[in-house]
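Generate coordinates for the entire structure from the input sequences, incorporating the hints supplied.
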Amino acid sequence: MSHADISAPARPAAVQAALAVDSSPRPRRRRLTLKPLFGVVVGTALLLATLFPGQIAPASPTDQQLVERLRPAAWMDGGTTGHLLGTDSLGRDVCSRVIYGARTTFLVALVSSLIGGIGGTGLGLLAGYHGGVLDELVRKLVDMQLAFPYLLLAISVMAVAGRSLPILVVVLALSSWPAFARIVRGEVLSLRERQFIEGARAIGCDDRRIVLAHVLPGVSAALCVVWSFDLARVVVLESSLSFLGLGVQPPTPSWGMDLSESRQFLQIAYWTVLFPGLAISLVVLAANLVGDWVRDVLDPIVNRNRAAA
Amino acid sequence: MAWLGEVGRALGHLLIVMLGTASLVFVVLRLTGDPAMMVAPPGATLDDLAAIRRELGLDHSIGVQYVEFLRKLAVGDLAESFRYRRPALEIVSERAVATVQLALVAQLLAIAVAIPLGVIAAIRRDSWIDGALTGLATLGQSIPHFWLGLMAIVVFAVHLGWLPTSGRGGWLHLVLPAITLSSYSMASLTRLMRSSVLEVLGSDYIRTARAKGLGAGPVLFKHALKNAMIPVVTLTGLQLGVLLSGAVIVETVFAWPGVGRLIIEAIHTRDYPLVQAGVVLMALLFVVVNQGVDLCYRWLDPRMAGRRG
Chain A
2 MSHADISAPA
12 RPAAVQAALA
22 VDSSPRPRRR
32 RLTLKPLFGV
42 VVGTALLLAT
52 LFPGQIAPAS
62 PTDQQLVERL
72 RPAAWMDGGT
82 TGHLLGTDSL
92 GRDVCSRVIY
102 GARTTFLVAL
112 VSSLIGGIGG
122 TGLGLLAGYH
132 GGVLDELVRK
142 LVDMQLAFPY
152 LLLAISVMAV
162 AGRSLPILVV
172 VLALSSWPAF
182 ARIVRGEVLS
192 LRERQFIEGA
202 RAIGCDDRRI
212 VLAHVLPGVS
222 AALCVVWSFD
232 LARVVVLESS
242 LSFLGLGVQP
252 PTPSWGMDLS
262 ESRQFLQIAY
272 WTVLFPGLAI
282 SLVVLAANLV
292 GDWVRDVLDP
302 IVNRNRAAA
Chain B
144 MAWLGEVGRA
154 LGHLLIVMLG
164 TASLVFVVLR
174 LTGDPAMMVA
184 PPGATLDDLA
194 AIRRELGLDH
204 SIGVQYVEFL
214 RKLAVGDLAE
224 SFRYRRPALE
234 IVSERAVATV
244 QLALVAQLLA
254 IAVAIPLGVI
264 AAIRRDSWID
274 GALTGLATLG
284 QSIPHFWLGL
294 MAIVVFAVHL
304 GWLPTSGRGG
314 WLHLVLPAIT
324 LSSYSMASLT
334 RLMRSSVLEV
344 LGSDYIRTAR
354 AKGLGAGPVL
364 FKHALKNAMI
374 PVVTLTGLQL
384 GVLLSGAVIV
394 ETVFAWPGVG
404 RLIIEAIHTR
414 DYPLVQAGVV
424 LMALLFVVVN
434 QGVDLCYRWL
444 DPRMAGRRG
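Protein chains in written order, with the numbering used here: chain A, 2 to 310; chain B, 144 to 452.
Among the clues, some could well be false.
To be verified - List of simulated lysine-lysine pairs, DSBU-like, C-alpha gap at most 35 Å: (1) K355(B) <-> K365(B); (2) K369(B) <-> K141(A); (3) K369(B) <-> K36(A); (4) K369(B) <-> K355(B); (5) K141(A) <-> K215(B).
Rather than coming from a laboratory, the hints here were simulated on the basis of the structure. A quick note: this is a predicted structure, and the numbers were derived from the prediction, not measured.
Laid out in structure tokens, this is it:
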């Protein structure tokens with residue numbers, strides 16, 4: 002990005018100043034421990050709901066009890082303890098649907114982001130290490146895709162190619178790779194000229210070994226940061242598509258789809274929209290906070306501007 | 144004369160991106176399905192289908208269709224909408240005003256709120272105000288547009304009754320959609336403004352200004368802000384994609400009659416020419432504004448002249 006380019010020569014001054022500022026005692030520790038704690042709590046809840054939804058959820062997510070439809074949450078007028086977070090328009094238990102929806106969101110986001118991440122990292126390594134035409138091509142592609150309203154493309158593809166889970170994963174993975182490729186490429190460019198790489202080459206390592214055994218470990222810290230932000234982004238994209246009716250299809254429970262189905266009852270039964278959305282927001286917030294935290298810990302000064310964008 | 148070259152190059156880039164987008168849209172929309180089947184009335188005979196194909200130009204090879212599509216695109220003729228039986232570009236253009244209005248107001252709102260908040264957070268660094276603003280910004284980046292919009296409807300339209308729930312009319316109709324759409328940009332801009340001001344305040348020329356006895360006010364407003372704005376201008380341009388993607392969602396939530404909602408409706412009725420025209424127009428809007436921001440940026444920061452961003 003352009004502003005990262007121009008800030009590079011000015012870095013020594015910024016670093017000095019920031020060091021001067023940071024040498025005074027400041028109460029920073031407390032905030033640094035809250036962020037990962039939040040992430041761990043939400044992550045554990047997500048993992049438990051993904052692995053054992055049947056043990057946690059009070060009811061089946063697809064069980065329709067039309068007599069009980071649109072019942073408010075337990076603490077509101079007309080609510081029952083049988084349905085802790087109320088029921089939706091088909092009489093399904095909202096709490097159970099939120100718990101079962103976690104699996105869809107978690108697995109889809111994880112798999113897509115891993116595929117996109119591996120692809121993007123590979124391209125970033127190749128582009129940064131070899132340079133030349135490939136580097137130019139990857140940079141152009143990344144710039145174009147990062148700036149373009151990707152949701153529009155995703156909508157067109159999902160609408161035409163069919164609304165199936167594999168296609169959704171491919172569409173999400175295709176949205177992930179540029180962020181990885183850009184950051185990895187930048188890191189590789191600075192690593193490439195270091196002496197230990199030169200040393201590895203001098204003792205006769207081939208390119209593959211240098212890239213995998215010497216360059217890749219050097220970029221792993223940056224990868225952690227990109228990956229947590231990317232998970233947050235993929236969760237939002239998936240639920241946005243599901244909300245538009247172009248993502249996960251029924252009967253698979255999904256938070257985005259629940260929101261879209263319950264939208265028409267918004268005025269009379271807001272809890273059907275409140276809780277699935279709350280779940281999405283908490284997961285995204287947790288991933289963002291963990292990303293923030295990892296970035297602060299790994300590289301307190303240099304990366305701040307780059308990733309804030 | 145140098146700027147003429149810049150403008151020329153920007154126009155060339157614009158043409159290439161437009162061609163790429165149009166081709167992509169064409170390929171995606173023709174991947175599956177036979178558009179003739181979609182417009183044909185129930186019980187249509189094979190002869191009827193053949194007639195419809197001839198009328199829509201679908202009886203030619205895909206290559207011929209593509210060339211024909213590009214030729215018509217060049218003169219602004221994007222076929223007729225299957226559903227409305229009117230030129231697709233005409234329908235889309237009518238809706239474009241609403242989208243541009245929404246996006247523009249949202250972006251201005253984001254800038255107007257984010258810049259002062261970012262400055263306040265930076266000059267009160269590590270105080271409770273900084274903590275609250277940074278936390279709020281992280282929250283703003285994490286809550287998806289569609290849920291924020293739905294919750295805003297519940298609180299401000301349904302329960303408090305202050306604002307209309309949906310549709311387009313007076314300025315009151317614009318309040319909720321614009322705030323919802325601006326949330327993400329506002330949050331990102333606040334964070335970037337904060338880190339940008341912090342970086343500039345730590346630089347040598349600010350120390351010099353302080354050393355010669357300038358007060359905090361003149362240092363901030365006369366010296367620091369101008370340079371701190373540079374990354375913010377860049378991000379404003381880069382966020383356009385996010386803004387347009389968000390517009391699709393926000394328009395759907397608030398029944399705002401813009402291009403985004405039109406595209407979603409057209410997808411559900413399989414009205415390919417309308418989807419095509421909508422996506423192409425959004426892309427055009429995006430590329431034109433993006434190039435405009437790019438030119439502005441070069442003018443703001445002379446160091447960037449002659450460098451590719």
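Going down the list of hints, with the structure as the test:
1. A threshold of 35 Å between alpha carbons decides the hint, and for K355(B) with K365(B) the separation of about 14 Å falls inside it, so the pair holds.
2. Proposed proximity of K369(B) and K141(A) is supported: the alpha carbons are some 30 Å apart, at most 35 Å.
3. As the CA atoms of K369(B) and K36(A) are separated by approximately 33 Å, the hinted pair is consistent with the 35 Å bound.
4. Straight-line distance between C-alpha atoms of K369(B) and K355(B) comes to about 20 Å, which keeps the hinted pair within the 35 Å bound.
5. Note on K141(A) and K215(B): the hinted pairing holds, with a Cα-Cα distance of about 28 Å set against a maximum of 35 Å.
Figure legend: structure checked against the earlier numbered hints; every hint is met.
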